[in-house]
Amino acid sequence: MQEHRMASAPDAEQELARRLTEDAASRKNFLRMVGGVAGVGALAGFVAACGGEQTTTTPPPPADTAVSTEEEPEPEEISKGDIEILNYALTLEFLEAKFYADVIESGEITDKALAKTAKLFGDEEQEHVEVLIDTIKSAGGKPAKDPKGNFEEVIAGGPEMILTAAAVVENLGAAAYLGQATRIKSPEVLAAALSIHSVEARHAAALNTAAGFGFANGEPLQGSIPDGPFAVGMDMAAVLEAVAPYLPKKS
Amino acid sequence: MSESRLMVPALADVQVEGLTRSAFLVRSTLAAGAVYGMGAITPFVGSAFGQKGDEGDIEILNFALTLEFLESEFYKRAIRDVKDLSGDVLDAAEQLLEDEDAHVTALETTIKDLGGKAVKAPAFNFGDSFKSAKDFLKTAVIFEDTGVSAYNGAAPSIKSKDVLGAAGSIVQVEGRHAALMRSFDGEQATVGAFDMALDQDAVLEAVQPFIKE
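First to last, the sequence lines map onto chains A and B.
Here the first sequence is numbered in this note's numbering, starting from 9 and rising by one per residue.
Here the second sequence is numbered in this note's numbering, starting from 19 and rising by one per residue.
Some clues are possibly wrong.
Cut-off 30 Å, straight-line C-alpha distance, at most; resulting in silico cross-link-like pairs (BS3-like, lysine-lysine) [unchecked claim]:
no.: 1; chain 1: B; residue 1: 135; chain 2: A; residue 2: 193
no.: 2; chain 1: B; residue 1: 130; chain 2: A; residue 2: 193
no.: 3; chain 1: A; residue 1: 127; chain 2: B; residue 2: 152
no.: 4; chain 1: B; residue 1: 135; chain 2: A; residue 2: 124
no.: 5; chain 1: B; residue 1: 152; chain 2: A; residue 2: 124
no.: 6; chain 1: B; residue 1: 156; chain 2: A; residue 2: 127
no.: 7; chain 1: A; residue 1: 120; chain 2: B; residue 2: 152
no.: 8; chain 1: B; residue 1: 138; chain 2: B; residue 2: 149
No lab work stands behind these hints: they were computed from the structure.
Let's have the full structure, built from the sequences with the hints guiding it.
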């Protein structure tokens, strides 16, 4: 038995690698999965279906916070608070997407590998923008407008300043999502936010490395993993203050 | 069959899979959220609650603990056994070992604080992963990517805000680890614009070959 498992390890690796690389993420791939089978729909079904069970296994919630535990074919409403968080995330994604677009357009990044990474990350931020807009709309909310970030000063500073700013912005993005995770009420919105959060973390780590914050000459790695084993979130006020320099000057 | 409010095609793959036993707990979390308010993000669940933790949460924490054991043991053995492990990759392996060990300790402490019993580390078998630095990186990428998807898959079922905060804090670090290992392996940092959520069965299936009976 054990030997069989040993022998099967590479297959399992391949299978997982395939799942992780092929099943995940590309927008086209997602779009092909349109239809009644959407997992979030199934989740809502579960949650609703389990309503009756809840009354027998857990005490009923306090009256003023309670959602009725019977006769509830309707899914949970996405709360105003969740829509607000989604719009906050959207604002940050707009800024990130604009940042990469402006940087690429400037032609300041001449290193080929880095330019490729900037294009990839920029495309991914754009996908986040589109998905957040769709999510907000389908939850009955009104998507925030693009704040039209202004990155002229950063870009004028040349490649080094651009890389540093990219790392800063991505680390902020990761911290911003983490800061909201426990505030999100809908499990569906939470799942969506988390699926973006870890991508922002990947971006941040890659850019920290590229910006020279870690790995070179046996330096400690706090650049790529700046908070140590436990990442620290930031609240909205702190994040908005940090991105303020990139917002267009009010005239 | 009721439909979700969120019919966003692009997120179809970010589904919250495997919400069976714990599904109804999510529901009470919605109500509980209003009671507990928004706790600060803290990696450790204080014993301040003074009450027994939710069984589903403890189960999720134990599941995460098993994955952290796997990662920790993997880096420990890699540092010992991979002959051509050197330079930045060796530094990274040592750093990641430290991080995974910290996750192990935090999870064990949290489980105990919640009144649960932390699982023991199973025996692992990493096959040919240590034949070379290249082989090591390939398996490392799989473990880190799987770790990200495992936490992302479990998080929406977590009842306690503090446990959720801890899971979020750890998953971000797993994401950073994944990016680093992928870059050493010559790959881009991301798998796509959205990290997939995997349920426990899918994760177990992925790591089962590395666990001895």
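Structure-based check of each hint:
Of the supplied pair hints, the one linking residue 135 of chain B and residue 193 of chain A holds, its CA atoms being roughly 29 Å apart against a limit of 30 Å. Between residue 130 of chain B and residue 193 of chain A the CA atoms are separated by roughly 27 Å; this keeps the pair inside 30 Å, and the hint holds. The suggested pairing of residue 127 of chain A with residue 152 of chain B holds, with an alpha-carbon distance near 27 Å, which does not exceed 30 Å. For the hint pairing residue 135 of chain B with residue 124 of chain A, the CA-to-CA distance comes to about 47 Å; that exceeds 30 Å, so the pair is violated.
Distance restraint check for residue 152 of chain B and residue 124 of chain A: the Cα-Cα separation of roughly 23 Å lies within the 30 Å cut-off, and the hinted pair is therefore satisfied. Proposed proximity of residue 156 of chain B and residue 127 of chain A is supported: the alpha carbons are some 25 Å apart, at most 30 Å. Proximity of residue 120 of chain A to residue 152 of chain B is assessed by CA-CA distance (about 24 Å); at most 30 Å being required, the pair is judged to hold. Note on residue 138 of chain B and residue 149 of chain B: the hinted pairing holds, with a Cα-Cα distance of about 27 Å set against a maximum of 30 Å.
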